[in-house]
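Engineer: Here's the letter readout for the chains.
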Amino acid sequence: DTGVSQNPRHKITKRGQNVTFRCDPISEHNRLYWYRQTLGQGPEFLTYFQNEAQLEKSRLLSDRFSAERPKGSFSTLEIQRTEQGDSAMYLCASSRSGGGNQPQHFGDGTRLSIL
Amino acid sequence: KQEVTQIPAALSVPEGENLVLNCSFTDSAIYNLQWFRQDPGKGLTSLLLIQSSQREQTSGRLNASLDKSSGRSTLYIAASQPGDSATYLCAVPLGAGNMLTFGGGTRLMVKP
Chain A
-10 DTGVSQNPRH
0 KITKRGQNVT
10 FRCDPISEHN
20 RLYWYRQTLG
30 QGPEFLTYFQ
40 NEAQLEKSRL
50 LSDRFSAERP
60 KGSFSTLEIQ
70 RTEQGDSAMY
80 LCASSRSGGG
90 NQPQHFGDGT
100 RLSIL
Chain B
834 KQEVTQIPAA
844 LSVPEGENLV
854 LNCSFTDSAI
864 YNLQWFRQDP
874 GKGLTSLLLI
884 QSSQREQTSG
894 RLNASLDKSS
904 GRSTLYIAAS
914 QPGDSATYLC
924 AVPLGAGNML
934 TFGGGTRLMV
944 KP
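Sequence lines, in order, name chains A and B. My numbering numbers the first residue of the first sequence as -10 and each following residue consecutively. My numbering numbers the first residue of the second sequence as 834 and each following residue consecutively.
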């Protein structure tokens, strides 16, 4: 169990640029989640995958955001035409499926700063 | 819509004190409740998960309780240490995909 890995750890970019983040879940976990956390707040759910299928998207996920998990392993989250309000910590989590009592394990996040 | 609230938002205690962090939720139809720790600039570390059929879970100096009927959970930390300083978050799953709804967290500082 090597834990959930996220890259990059930090991303600084100018407003209007596109950015992409990567998440590598724990290998035997088939569920993968993306959350966003702003300073002083708890994380908010963005989207989740079971294997390669994206099964749920929050209304927070505007059409500038897209997430993929092409082979059911790693996932990417892309933000197009970034805005100041996109500045946040983007957290990835993974878990096993099967019942409602599987804990989610989080990565260290990618901190995005929009100049 | 599930809402999760944590009180207090911040807490400062001297080393060695026992302390209680509170978490409340509005919809009692939950599968479980999970407590996390977050250090500054880091991700979340899972501390305890209490299933809906359980009343409490213990891990070392941590004890979490769950009262579904009243919509409350507490995290008890015994003999606090400076290394316990962090933000503590509670979360409950929502929907078939178990997407987590988080409280705003309690920022704990334990002074030596």
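It is possible that part of the hints are untrue.
Cut-off 30 Å, straight-line C-alpha distance, at most; resulting in silico cross-link-like pairs (DSSO-like, lysine-lysine) [to be verified]:
1. Lys944/B - Lys60/A
2. Lys944/B - Lys875/B
3. Lys901/B - Lys46/A
4. Lys3/A - Lys901/B
5. Lys3/A - Lys46/A
6. Lys944/B - Lys46/A
7. Lys0/A - Lys60/A
8. Lys834/B - Lys3/A
9. Lys46/A - Lys60/A
10. Lys46/A - Lys0/A
11. Lys944/B - Lys834/B
12. Lys0/A - Lys944/B
13. Lys834/B - Lys875/B
Covered by chain A, according to a simulated footprint, are these stretches of chain B (three or more residues, beta-carbon under 8 Å) [to be verified]:
14. 894 to 906
15. 914 to 928
Cβ pair distances, simulated, as ranges [what the hints assert, rightly or not]:
16. Ser86/A - Asp872/B: 37 to 43 Å
17. Ser892/B - Gln6/A: 42 to 48 Å
18. Thr859/B - His(-1)/A: 23 to 29 Å
19. Thr65/A - Lys944/B: 28 to 34 Å
20. Ser86/A - Gly937/B: 26 to 32 Å
Hints in this document: simulated from the structure, not taken from any laboratory. Note that this is a predicted model, so its numbers are computed, not measured. The beta-carbon is built from N, C-alpha and C at its ideal position, and this holds for glycine as well.
Engineer: Which hint numbers does the structure go against, in order from smallest to largest?
Structural biologist: 1, 4, 6, 8, 11, 12, 14, 16, 18 and 19
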